[in-house]
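Asks: Next come the chains, spelled out residue by residue.
Number of protein chains: 2
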Amino acid sequence: MADTPDTISIIPVRGIPEIMPGDDLVKIVSRAVKELGLSFLDGDIVVFAQKIISKAENRIVKLSEVAPSPFALTLSREVSKDPRLVEVILSETTKIIKMDQRKPEKGRLIVETRGGIISANAGVDASNVSGGDSVTLLPVDSDLSAENLVRGFKSAAGVEIAVIITDTVGRPWREGLVDIAIGCSGIRPLRDYRGRKDSKGLVLNATVMAVADEIASAAGLVMEKADSVPVVIVRGYGFEKGGGGAGDLIRNPEDDLFR
Amino acid sequence: MADTPDTISIIPVRGIPEIMPGDDLVKIVSRAVKELGLSFLDGDIVVFAQKIISKAENRIVKLSEVAPSPFALTLSREVSKDPRLVEVILSETTKIIKMDQRKPEKGRLIVETRGGIISANAGVDASNVSGGDSVTLLPVDSDLSAENLVRGFKSAAGVEIAVIITDTVGRPWREGLVDIAIGCSGIRPLRDYRGRKDSKGLVLNATVMAVADEIASAAGLVMEKADSVPVVIVRGYGFEKGGGGAGDLIRNPEDDLFR
Numbered sequence: 013m014a015d016t017p018d019t020i021s022i023i024p025v026r027g028i029p030e031i032m033p034g035d036d037l038v039k040i041v042s043r044a045v046k047e048l049g050l051s052f053l054d055g056d057i058v059v060f061a062q063k064i065i066s067k068a069e070n071r072i073v074k075l076s077e078v079a080p081s082p083f084a085l086t087l088s089r090e091v092s093k094d095p096r097l098v099e100v101i102l103s104e105t106t107k108i109i110k111m112d113q114r115k116p117e118k119g120r121l122i123v124e125t126r127g128g129i130i131s132a133n134a135g136v137d138a139s140n141v142s143g144g145d146s147v148t149l150l151p152v153d154s155d156l157s158a159e160n161l162v163r164g165f166k167s168a169a170g171v172e173i174a175v176i177i178t179d180t181v182g183r184p185w186r187e188g189l190v191d192i193a194i195g196c197s198g199i200r201p202l203r204d205y206r207g208r209k210d211s212k213g214l215v216l217n218a219t220v221m222a223v224a225d226e227i228a229s230a231a232g233l234v235m236e237k238a239d240s241v242p243v244v245i246v247r248g249y250g251f252e253k254g255g256g257g258a259g260d261l262i263r264n265p266e267d268d269l270f271r
Numbered sequence: 013m014a015d016t017p018d019t020i021s022i023i024p025v026r027g028i029p030e031i032m033p034g035d036d037l038v039k040i041v042s043r044a045v046k047e048l049g050l051s052f053l054d055g056d057i058v059v060f061a062q063k064i065i066s067k068a069e070n071r072i073v074k075l076s077e078v079a080p081s082p083f084a085l086t087l088s089r090e091v092s093k094d095p096r097l098v099e100v101i102l103s104e105t106t107k108i109i110k111m112d113q114r115k116p117e118k119g120r121l122i123v124e125t126r127g128g129i130i131s132a133n134a135g136v137d138a139s140n141v142s143g144g145d146s147v148t149l150l151p152v153d154s155d156l157s158a159e160n161l162v163r164g165f166k167s168a169a170g171v172e173i174a175v176i177i178t179d180t181v182g183r184p185w186r187e188g189l190v191d192i193a194i195g196c197s198g199i200r201p202l203r204d205y206r207g208r209k210d211s212k213g214l215v216l217n218a219t220v221m222a223v224a225d226e227i228a229s230a231a232g233l234v235m236e237k238a239d240s241v242p243v244v245i246v247r248g249y250g251f252e253k254g255g256g257g258a259g260d261l262i263r264n265p266e267d268d269l270f271r
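One line per chain: the protein sequences are A and B, in this order. Here the working numbering is used: the first residue of the first sequence is 13, the next is one more, and so on. Here the working numbering is used: the first residue of the second sequence is 13, the next is one more, and so on.
Honestly, the hints are just simulated from the structure, not real lab data. Since we're looking at a predicted model, the values are computed, not measured. A portion of the hints provided could be inaccurate.
With a straight-line Cα cutoff of 27 Å, these simulated DSSO-like cross-link-like pairs (lysine-lysine) come out [said to hold, decoys possible]:
no.	chain 1	residue 1	chain 2	residue 2
1	A	Lys-166	A	Lys-46
2	A	Lys-74	A	Lys-93
3	B	Lys-93	B	Lys-110
4	B	Lys-107	B	Lys-93
5	B	Lys-107	A	Lys-110
6	B	Lys-166	B	Lys-253
7	A	Lys-107	A	Lys-74
8	B	Lys-110	A	Lys-107
9	B	Lys-166	A	Lys-110
Short derived list, chain B residues pointing at chain A, Cβ under 10 Å [to be verified]:
no.	residue
10	Leu-48
11	Gly-49
12	Arg-186
13	Val-220
14	Ala-230
15	Gly-254
To give a feel for the contact side, a few chain A residues facing chain B, derived at Cβ under 7 Å [as the list claims (entries may be wrong)]:
no.	residue
16	Pro-17
17	Pro-24
18	Ser-42
19	Leu-48
20	Pro-184
21	Leu-261
Note that beta-carbon positions come from the ideal geometry of N, C-alpha and C, so glycine has one too.
Bound conformation, chain A alone (with noise of 0.2 Å):
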């Protein structure tokens, strides 16, 4: 009944306090694992959803200091939402991707934000923030973030870890919103298996594999209670090191179709 060898294990960490700007998460995590009565192991990946990550970056705005823009102004009226929150998601945005002007009262408002994500509202969140007007950016560089909670954990712990920060997302075409890798350190966020051949002896074609996204989306598995468990240990999967972080993940618009 036990588990074979090559097994992945996801730990869901509970335990985590709220996290305050400029806590250090190496060493909360570090405890929370602990008092659970584990102990990180090389080779390991820690997924940390966005939002402690913004919290700790003290990635807070709050909405009654914001004076919002004309054009949100405007906008917020399109979309039907706050102009102060219309105006702190242009201030994260690079291009507008979509805005739903047939049914304003959905206020969807996609966005392609400085990283390169398109996601709704640029990421800007206000679920799970202490105070009642104010809400969460994404982290300024989150492969940085990831880089540096990787050094944090090799010099606290001695323990060679990998990274990976995650945000949810929707998707065309498909109900539902899925985690994906919105930055990473220490692991090749895709895993190139063109070349390699298949049972048959065949080549296999077109299958680079966004590997960080499936391990968000694993992470996200045991995430999803209400936001309790912001950080999860994926054990077990032999990832490939290096990679430029999760903006590898970003398609140049001119090879997407879908632009």
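Position chain B relative to chain A; hints supplied.
Replies: Okay, now just chain B, sitting in the frame of chain A:
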């Protein structure tokens, strides 16, 4: 160092032989699981790569027996594909979503299948099929295939499991492929967290998670090795029973900002 009780295990089922038309997948998979020293537990989710379902259901076409239509001939020149392959793709297609006319050498043809899945080449696939000129098609009704497997495991082994059938697809905006659920039974593919309160007591909005796709991606992490692992057990995820199959994951075009 042991996992926590709420850990999810992603268990690859190795040792599954090549599947032939008419094979009894319940029997074959049960035997492989037993040889690994495992047994199924109530509440397991058994994830099947589409390819072995298609083979068992004889969804195999010999290209040498295909006569391309005039339209297939024209289209095949535009996307630099074998016209017989294009004919097979068109037979599975309800709508051509995109084709790459800028770079025909890349030969991309993105279509909507009868099942509502949007993917390259309608899921028609030449890898891992016996006989050089054979290709597989997606199952006719993947939800029904999943339902039959759930029933089969119940009657053969007395276990209440859920089944997800997956395919590997590309996505707009993001590099790399991920695995998604094209069929499921015994599990509600969407999980609705709306109305639930977050840890600050705020009502969560817009959090309907596509858990079946997240499970497909988690399983994909151990399926990726040249199709040698076509079945994966996902154990320890407390899913919701019911739902209308993976068709629930197909977004109504009228609600889809991206159409």
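Asks: Under the criterion that the straight-line Cα-Cα distance not exceed 27 Å, is the pair A:Lys-74, A:Lys-93 satisfied?
Replies: 16 Å, holds
Asks: So, as I understand it, the hint says A:Leu-261 touches chain B; can you test that by seeing if any CB pair is closer than 7 Å?
Replies: At about 5 Å, which falls below the 7 Å cut-off, the nearest Cβ of chain B leaves the hint on A:Leu-261 intact, so it holds.
Asks: So, A:Pro-17 near chain B? Judge it on the closest CB pair being under 7 Å.
Replies: 10 Å, violated
Asks: Would the hint linking B:Lys-110 and A:Lys-107 be met if the CA-CA limit is 27 Å?
Replies: 22 Å, holds
Asks: How about A:Pro-184: closest beta carbon in chain B under 7 Å, or not?
Replies: 3 Å, holds
Asks: Within 27 Å, alpha carbon to alpha carbon, are A:Lys-166 and A:Lys-46?
Replies: 16 Å, holds
Asks: Within 27 Å, alpha carbon to alpha carbon, are B:Lys-166 and A:Lys-110?
Replies: 46 Å, violated
Asks: Is the interface hint for B:Arg-186 satisfied, with its Cβ closer than 10 Å to some Cβ of chain A?
Replies: At about 5 Å, which falls below the 10 Å cut-off, the nearest Cβ of chain A leaves the hint on B:Arg-186 intact, so it holds.
Asks: Can we keep the B:Leu-48 interface hint, with Cβ of chain A closer than 10 Å?
Replies: Since the shortest Cβ distance to chain A is 6 Å, the answer is holds.
Asks: Hey, does the B:Ala-230 contact hint survive, CB to chain A under 10 Å?
Replies: 4 Å, holds
Asks: Hey, A:Lys-107 versus A:Lys-74, does the alpha-carbon distance stay inside 27 Å?
Replies: 23 Å, holds
Asks: Given B:Val-220 as an interface hint, is the shortest Cβ-Cβ distance to chain A below 10 Å?
Replies: 5 Å, holds
Checked against the numbered hints listed earlier, the structure breaks hints 9, 15, 16, 18; every other hint is satisfied.
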